[in-house]
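Now for the letters of each chain:
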Amino acid sequence: METAVHIVEDMQNRFGSGIILQEPAVDETPTLWVTGENIVTVVDHLRSKISRPYSFLYDLCGIDERNRTKKNHLPPADFTIVYHLFSYDRNDFIRLKVPLQGEYPSLPSITPVFVNANWYEREVYDMFGIRFAGHPHLQRILMPLTWQGHPLRKEHPARATDMGPFQLWDEKQDAEQAALQFRPEEWGMKRHSDDADFMFLNIGPQHPGTHGVLRIILQLDGEEIVDAVPEIGFHHRGAEKMGERQSWHTYIPYTDRVDYLGGVMNNLAYLLAVERLAGIEIPDRARVIRVMLCELFRIASHLVWFGTFAQDLGQLSPVFYMFTDREKIFDIIEAICGGRMHPNWFRIGGVAQDLPGGWARLVQDFVHYFPKKITEYRKMVIDNSLFKARTRGVGIYTLQEAIDWGVTGPGLRACGLEWDLRKKRPYSGYEQFDFEIPTALNGDCYDRSLVRVEEMRQSLRIVAQCLNNMPAGRYKAEHALATPPDKQYTMQDIETLITHFLNVSWGPVIPAGEAMSCIEATKGANGYYLISDGGTSAYRVRIRTPSFPHMQMVPYISKGYTVADLLAILGSVDFVLADIDR
Amino acid sequence: MTVFQHILIVLGVLFVLLTIAAGLIWVERRLLALWQDRLGPNRAGPLGIFIVVADTLKLFFKEDWIPPFADKWVFVAAPAIVVASVLMSFVIIPFSPVIVIADLNVGLLFFLAMSSLGVYSIVLGGWASNNKYSLLGALRGASQMMAYEVFMGLSLMGVVMLTGSFNLQDIVAAQRSMWFIVYQPLGFILFFIAGVAETHRLPFDIPEAESELIAGYHAEYSGMKFGMFFIGEYLGITLISAMTVTMFFGGWLGPGFLPPWFWFGGKTAIFIGLFILLRASLPRPRYDQLIGFGWKLLLPLVLANLLVTGAVALLLKK
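Protein chains in written order, with this note's numbering: chain A, 1 to 582; chain B, 583 to 900.
I should point out that these hints are in silico values taken from the structure, not numbers from a laboratory.
There could be a bad hint or two in this list.
Once the Cα atoms are required to be at most 27 Å apart in a straight line, the calculated DSS-like pairs of lysine-lysine come out as [said to hold, decoys possible]:
1. B:K640 with B:K654
2. A:K154 with A:K97
3. B:K714 with B:K644
4. A:K190 with B:K714
5. A:K559 with B:K714
6. A:K328 with A:K372
7. A:K388 with B:K878
8. A:K190 with A:K423
9. B:K654 with B:K644
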């Protein structure tokens, strides 16, 4: 089998010594250092010139390296741009890094190779001030256009108290107002074509169909969409920046709120990376508890999608039935975790507490109750002929387009690719569960709905297996870095007491290194790319969310449809604004 | 009948209609809640009936805002048109053998004319608001009305053929032996569909399409002006239900142990409930699908219905 090492050797022959192989990261992803001039050719080579290519740009992010103490013989760099490519044929990631020097460096854009690099590069520019030469529309994406500074640079303050009191002078207010003025030309839109004047319709940030604060500017010819430009960032809370301030342990509640419908599933994505860095093996019981809660949250999230999607199409009742059932799931979650939407329940090395007495009966009741409900809802919504008329053939993309735009999760499976990270790259013990990957063929709104509905059934199967085979044992790993640490010996032994005290007050110190996780979250591939500099908090937290590339694709798949179709498309894509903006 | 009695009937009908329109606020919310596994308004008064008072008071005390960018006079006139045109239609409805305001011999035509006027309120309201969402809603409303107006009238012509009169009392009287639903099932279905479209209720609510156009043509309206659209919609539901009963379900006819107005009211209430049930259960088709459905499927059907009814009527006469 052609391994990553072969590719590296081959590329070193082609591109000269500009390519250096880094000693493997903790997560064993092959990492290459590439110079800025070479990046486009290297990326293009990996994408289209080799057999079994890396055709999917999984993530693109920046790192401010200037404060880093443990550089581990890396090439000298003030900033690093990191590209994660994925190959479906190889089922493998490759990580490319470009070292950059200077205050505000620049490098060539890879948008000619990967279309979905567009928004990622804008984000890097927004967050670090690094410019990409040849980018079609390099503008801030998450922060307001009038923002001063670039938030993820180390010199940018993270707290409001570091920034001085906020004052809105008249001039500032006028400038902010002027920045809000909509000029189609700035968004690359024309005011009229040869035979028609276009209408610009502003959907959002407050609109019942956008499911959150999202603004989409539509260029309309009658009711037909000529072009659409999503404006995001209204929900940006700087979750990545927070990761650099919070300890490894206290960051967990922040992850809950990234995909706020996914609940503990976000904890899992984050902790898989942390535990990888720390080298913690999770006990079986903790793994199964995690899987069970995650799958319950997947059902809850899909129920929200299902109900609101039906409502977007004008069907008013299903959302009430589905929220009632979601409430039943929350009853279970609440009994186990105490919380509902954001239980903050997983811990480094396991979960916060053991399952409470009587949990099995609650889960058992739900497992009995829910299957016939899925059938009923399917009949009520999916099989409704008006629903079919609204969703069939609307918002279609092919498998190739899905991969090009970085679509993952149900949206990818609706194009016919049987790809689920729980099966293909199992984590947290998913390989031991028996379930199927639902797929569909056409990649339209209807197929995406079908896939999600079937996924609920499969998730329920997993929950039932967790219920029937819950292993005995510890709910948290016996490891020095498992947090909060076991208190068992603290009162007998001073060393344990000191460690316990430090771990609780400062938080654990995670060994230096970098690791990436990648899980099948409710909406697609969710992952955390963590860099530890050997401190009590992360040096850099990068959150790769599925909704970000999905939203980037919306204009592409909604052109030529009507306003009503756009709402169907938005509903079928199933995004969460916090998951886009972080 | 003296002039005094006549005025009494007019005022009585007006009072009852406005009460029904207001009461429907409560009925609709409670029924929707029942079908959606919720409680609905159940706090104010017995079974929450005083929500009607609360809602009405709220509408009166809301700021009555006319957007500075709107065309003021048209903006004010639009909501009045919808209420006026629907109320005018009630003039010809026979609530019982004696309670009818104007027993016109062209009653049915008058109804059709008045219901056509209703579209003006949508178009004018949407246009005068000077808001893009309103404009889209108004355009949708206009084309929807155009498509469904046509066969609404035609779907009733089967009944007219069987009766030989446009007078609604005559039509009710002609159903003494058998309700027209038996002879005109297709006509009934088509009329009802057109009626739902006419009142732009779900699934035909594309002029206001909440999840797409926010509130469509009345997005800019507030206070009692919005309330007028609201009342106009409920009056419209009542009107279409009353017309359905009159044309196809024997109007006020019923066993003699209860008064005719009771039978009329009861039958009408069932259809009002059906309207609300439709809203609780169906998704909304897309605008072009809806218009296509009207022109391409329903119109040919209604013409076929007319043809067959005419042929059979002729055959029976011979």
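How the hints compare with the structure:
| no. | hint | in the structure |
| --- | --- | --- |
| 1 | B:K640 with B:K654 | holds, 23 Å |
| 2 | A:K154 with A:K97 | holds, 19 Å |
| 3 | B:K714 with B:K644 | holds, 24 Å |
| 4 | A:K190 with B:K714 | holds, 18 Å |
| 5 | A:K559 with B:K714 | holds, 20 Å |
| 6 | A:K328 with A:K372 | holds, 15 Å |
| 7 | A:K388 with B:K878 | holds, 19 Å |
| 8 | A:K190 with A:K423 | violated, 46 Å |
| 9 | B:K654 with B:K644 | holds, 18 Å |
In terms of the numbered hints stated before, the structure departs from hint 8 and from no other.
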